[in-house]
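Please build the complete structure, drawing on both the sequences and the hints.
As you go down the protein sequences, you meet chains B and E in turn. Each residue of the first sequence is one higher than the one before, counting from 1 in my numbering. Each residue of the second sequence is one higher than the one before, counting from 1 in my numbering.
A couple of the hints might just be wrong.
[Unchecked claim] Listed below are the simulated BS3-like cross-link pairs for lysine-lysine, each with C-alpha atoms no more than 27 Å apart in a straight line:
| hint | chain 1 | residue 1 | chain 2 | residue 2 |
| --- | --- | --- | --- | --- |
| 1 | E | 384 | E | 251 |
| 2 | B | 384 | B | 229 |
| 3 | B | 295 | E | 384 |
| 4 | E | 353 | E | 307 |
| 5 | B | 387 | E | 307 |
| 6 | E | 179 | E | 251 |
It is worth saying that the hints were derived from the structure and are not from the lab.
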Amino acid sequence: MEGPAQVSQQAEVAAEPAWVADEAEGVRLPDMTYTEQETELRSAVRSVLADRADFNAVLARTETADTYDTGLWRALASDVGCAGLLIPESLGGAGASFREAAVVCEEVGRSLAPVPFLGSAAIATVALLAVHDRGEPGAELAGELLSDLAAVRSTAALAVPFASVPGNRVDPTVRVMPPADGDAEGTYRLSGTVAGVADALPADMLVVPGDGVPRGLFVVRAGEAGLSKSPVVSLDMTRQLCDLRLDNVRARRIAAGQRAELAVAAALQAGAAMLAAEQLGLADRALEITLAYVKQRHQFARPIGSFQAIKHRIADWWVAVTQARAASRYAVACLAEDDPDTRVAVALAKAVCSETAVLAGQEMIQLHGGIGFSWEHPAHLYLKRAKSSSIALGTADRHRASLAALVNLPPAPPA
Amino acid sequence: MLTADDLRAQVRAFLVAHDPAVTERMDFLRARFDAGLAWVHYPAGLGGQGLPRTLQKAVDAEFAAADAPTNRPERNGIGLGMAAPTILAYGSDEQKNRWLRPLWTGEEIWCQLFSEPGAGSDLANLATRAVRDGDRWIVNGQKVWTSSAHMAARALLVTRTDPDQPKHRGLTYFSANMKAPGVEVRPLRQATGEAEFNEVFLTDVVIPDSDRIGDIGQGWAVSTATLMNERVALGAFVIPREGGMIGFSAKTWRERPDLRTPGLHDQLLRLWAAAEVARLAGERLRQQLAAGQPGPEGSGAKLVAAKLNQEIAGFEVELLGAGGLLYGDWTMRRPDGADFYGRDAGYRFMRSKGNSIEGGTSEILRNIVAERVLGLPPEIRLDKDKPWKDLPR
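As structure tokens, then:
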């Protein structure tokens, strides 16, 4: 290569790079592109969200009593079939993979739609699938619940704090109590609290890790006596958290002991990958909105997007999104194929996409200037969703710590 | 259309007719070119068979399996990667026949005479003059940052032929004979201590008009075609995990627990994650192209690689502590080619500083991403419509 500084501004993106054919020897990575079916699903989801989750509607809803849009969720869940994407066809679902689910997450992330896709159709569904697929005693009940989810008869949430970290054991804060007089065989009673649960507000079925004898995973119907859900004022009101309080609530057990822990671990891992896809969508859409703005906003008699101070920030942001997309697609492809590299891939994706989404939210506000700091503009909701998501299901730092163990880069010894 | 198996059969038949064990190396390579097995995507008669580029791999593998001599492509990167596609696109039939065969066999190494002391990012401002004299041109000027010039037989040369035109319009492109009288090559010692590059002084160098590539005044379009191939060659090959710059730091980290601190651990993990994602992004781009869905993502690959190489190499020197105070060798040397990763940490640290300058500065690349990919308004240009000779400099 010749020396420094010689591609001029006129140079074009090449049409047929020389290295296309040069497959790296011994490197075989899963397909990180979007398939045709995934692109079709994206269009279907985007058209529903465009109709029903425009920014003004999303903003207005954050200041109402029902911060979740159950009507919109019904449309996505039933009409597009999002609720049962991950559920096998034998249980009434679509039998799709994490690749398709991630595309829905990207679209939800782009629109900030207040729907419980992540909590119900991904996290709780994966917990139930983990139980169902093992064919153990609770499998049949898990199958029935999955059928309810696929048919949109029910919406579920896993009762763990949204800030839970995949790979770390979740110590249940709910205790298993002795059965009450007159309880039917197989009924359990649960007491305790779970703080900061995502997507539990619209859920009528809670999947609850419980401690004590027996330790396990339990299912609680939202209408049961003794169960209360207290909405909390959340940084991200497009995904309002709630605190759960269980006071001797009736429950059914679907998994016991280590099987319950494995189900929760699988749910959190998949949840982190799905949240990373949401973060990718968020960063992508925030960039689109900002790009359109800097092209039309004039100061000093020229579009502000003609200043290099703006262009270079936008270019770096776009590059960050291309990197995040690779990380996200790799993670969902690994999850879909149950690749041995899945844990590395998910930790990498959540670490990278968390930072890219926060960058996007911050750049969106700054590059919009004054209007970007106003309540009437979407930028603040993007930043709030981004920051909140970066803490949920493991911060970037936590995921990098997981990577350290997985790829043998051990921490410094104590001083 | 021919398949990979057909080509493998062709190679086997060729090897029977030209046993590499008893055929002189250059005779073998010339015969391979003439058989259309040099680069199958090139046209028939020019070393190829007009086939998809993807089939070349099977041909190369078959020759390698037979222990056949290669054309040593690493010695002629500019020739194969940049000169050949430029000649193919803009050269006359006579030029293609004259230049491509010795280029491919490696008999003629090519270099690229583009950058000048006063024309770096603003290449179109170049001042090397070519003045017509009947059926030949007389060239005077100075070029800089030229790799391989000391080994090259021929050069890609862009010159100013009409200073009264605006800068992009008065350029003309040539192939220059590097052995011609008046061509002086001097090593250009760089910050690492060695000299990968050269300065080339051109004093009354005579170039026949038959060595002009493209029309008079078309030099900018031809240069752009050359540069397209450069930037693509520079940032987007797929490597195994830890196969790039990060591999050195990861290895040191594992082998030297005494060097570990909590702060460095955090930095290492950030860099490791960024390097791994850049690797995945490169692979994703390749998958997209293979699936016929080319995206613009490649435009960012060199930006990412330059930044990462610099950060990682800087980290590595700091990780080494007292060892980072040392440097392998400041002796002025003439390496065969560019080596970003070779030698020691100090060398990597210094060499990587060039990565955000060579082949387009990161600032120019950000402009390209912003304007070409994202459609932001172009820079306001004060120099576009003025005669080149009237521009301030």
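Between the alpha carbons of residue 384 of chain E and residue 251 of chain E, is the straight-line distance 27 Å or under?
violated, 51 Å
Starting from residue 295 of chain B, check that the Cα of residue 384 of chain E is at most 27 Å away, please.
Distance ~22 Å between residue 295 of chain B and residue 384 of chain E Cα, so the pair holds.
For the pair supplied as a hint, residue 353 of chain E and residue 307 of chain E, confirm whether the alpha-carbon distance does not exceed 27 Å.
Distance of about 9 Å is within 27 Å: holds.
When you check the alpha-carbon spacing of residue 387 of chain B and residue 307 of chain E, does it fall within 27 Å?
holds, 25 Å
Residue 179 of chain E and residue 251 of chain E: Cα distance at most 27 Å?
violated, 46 Å
Is it true that the CA of residue 384 of chain B sits at most 27 Å from the CA of residue 229 of chain B?
With Cα atoms ~23 Å apart, residue 384 of chain B and residue 229 of chain B stay inside 27 Å; holds.
Violated hints, in rising order: 1, 6; the structure is consistent with all others.
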